[in-house]
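Novice: Chain residues, written in single-letter form:
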Amino acid sequence: MLLLCAVVGALVATPWSSAWAAEDTEEPKAMKTEHEAAPQQAEDTDTAKDKSLLTHKPADDAVASKQADQAFYEKWQFWAVTGGIVAGAALAAVGGYFLYHSLNGGDVRPCNANFLGCYGQGNQ
Amino acid sequence: MTRVRGLLGAAALLLLAGGCNSYHYFDITVDFGSVSFEEAGGIKRCEVFVSGADTDNFVLPSTGAKRVACPIDSNWPELGTFEYSTFTDSGSLTFTMNAYNMTPPMDSYICVSGATTLSASSAITQTATITLAQGNQTCITP
Chain A
119 MLLLCAVVGA LVATPWSSAW AAEDTEEPKA MKTEHEAAPQ QAEDTDTAKD KSLLTHKPAD
179 DAVASKQADQ AFYEKWQFWA VTGGIVAGAA LAAVGGYFLY HSLNGGDVRP CNANFLGCYG
239 QGNQ
Chain B
8 MTRVRGLLGA AALLLLAGGC NSYHYFDITV DFGSVSFEEA GGIKRCEVFV SGADTDNFVL
68 PSTGAKRVAC PIDSNWPELG TFEYSTFTDS GSLTFTMNAY NMTPPMDSYI CVSGATTLSA
128 SSAITQTATI TLAQGNQTCI TP
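Chains as they are written, first to last, in our numbering: chain A, 119 to 242; chain B, 8 to 149.
Think of the hints as simulated: they come from the structure by calculation, not from any bench. The model shown is predicted, which means the values in this text are computed figures rather than measured ones. It is possible that part of the hints are untrue.
For each label pair, taking beta carbons as the anchor points, the in silico distance ranges come out as [what the hints assert, rightly or not]:
{"#": "1", "chain 1": "B", "residue 1": "T124", "chain 2": "A", "residue 2": "G224", "range": "25 to 35 Å"}
{"#": "2", "chain 1": "A", "residue 1": "W197", "chain 2": "B", "residue 2": "S29", "range": "41 to 51 Å"}
{"#": "3", "chain 1": "A", "residue 1": "A207", "chain 2": "B", "residue 2": "D80", "range": "31 to 41 Å"}
On the chain A side, residues computed to face chain B include the following (Cβ under 8 Å) [said to hold, decoys possible]:
{"#": "4", "residue": "Y237"}
{"#": "5", "residue": "G238"}
{"#": "6", "residue": "Q239"}
{"#": "7", "residue": "G240"}
{"#": "8", "residue": "N241"}
A few chain B positions that, by computed beta-carbon distances, are all more than 12 Å from chain A [claimed, not checked]:
{"#": "9", "residue": "P68"}
{"#": "10", "residue": "S99"}
{"#": "11", "residue": "S115"}
{"#": "12", "residue": "S120"}
{"#": "13", "residue": "T132"}
{"#": "14", "residue": "Q144"}
Note that beta-carbon positions come from the ideal geometry of N, C-alpha and C, so glycine has one too.
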C-alpha cells in the first residue's frame with residue numbers, strides 16, 4: 119500500500135504529467151481580420167503614381183513596328199477606300215445608264231390595246 | 008471642288024453626246040373611204056411606209072395577231088388605228104398605206120392605197136386619218 123501511494127505521487131509530481139499540462143495559463147493571441155492581414159492589397163496607393171507605367175515599353179514599340187510593316191492590303195483603310203470607290207463606280211454606272219436612257223427619250227409609252235399596233239422608235 | 012467640276016463636266020458631255028430626245032406619237036386611223044366591203048375583203052396584206060423627216064416601213068398585223076388588220080376581219084369601214092413613235096420634232100412625215108391583193112407585196116399587187124402628211128412638231132401626240140382609195144386593179148382575186 120505504501121508502494122502504491124509512492125508511485126501515484128511520483129506521477130503527479132513529474133512536469134510532463136497530464137495533470138500539470140492542464141493548467142495552461144497562457145492568454146490567447148488577439149485574432150486579426152482579413153483586412154488587417156493584407157493592408158497593401160486593399161489600399162494599392164502606389165500604382166496610380168507610378169509614371170513608369172505610362173512610358174513606352176519595348177513591347178509597345180514592337181506592336182507599332184508590326185503595324186507599320188503591314189502591307190497596304192492588310193490595312194482596313196485600304197479596303198474602306200476601295201469599297202467606297204467600287205460602290206461609287208457602281209452607283210455612277212447605274213445612274214449614268216438611267217440618265218442616258220432618260221436623255222434618249224426613256225421608255226416609249228405603252229401601246230393602246232385598241233390599236234392595230236405600235237411601231238417606230240422604241241417599239242422595235 | 009475640282010471633283011465637283013469634273014462631275015459637272017462629265018454630265019455636260021453626256022448631255023451633249025446624248026441630246027435630249029423625247030417621243031412624239033402619231034396616231035393614224037385607216038378608213039376604207041369609198042372602198043367596198045367586198046374589195047376590202049380581198050386584201051391579203053397591208054404595209055405602211057413612213058417617209059419625209061423619218062423613214063420606216065412596217066406590216067399591219069395579219070392572221071394570228073392579237074388584232075387582225077389585213078385580211079380584214081370585221082373592221083370595215085374603218086380598218087383601225089396604229090401608232091407611230093419617233094423622235095422627229097420638225098419637218099413633215101408622210102404615212103402611206105398600201106394594200107395588196109397578193110403576196111409577196113409588190114407594186115403590181117397594190118389594189119388599195121392612201122396617204123396622209125403631218126408636220127412634226129413639239130406636240131407629243133398628233134392624230135390623222137388615211138382614207139383609202141381603190142387602185143387600178145381589184146383586190147378580189149380568184
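Novice: If a hint holds in the structure, say so; if it doesn't, say that too.
Specialist: Verification of the supplied hints:
no.	hint	result
1	B:T124 <-> A:G224: 25 to 35 Å	holds, 28 Å
2	A:W197 <-> B:S29: 41 to 51 Å	holds, 44 Å
3	A:A207 <-> B:D80: 31 to 41 Å	violated, 54 Å
4	Y237	holds, 4 Å
5	G238	holds, 4 Å
6	Q239	holds, 5 Å
7	G240	holds, 5 Å
8	N241	holds, 6 Å
9	P68	violated, 6 Å
10	S99	holds, 16 Å
11	S115	holds, 25 Å
12	S120	holds, 17 Å
13	T132	violated, 9 Å
14	Q144	holds, 24 Å
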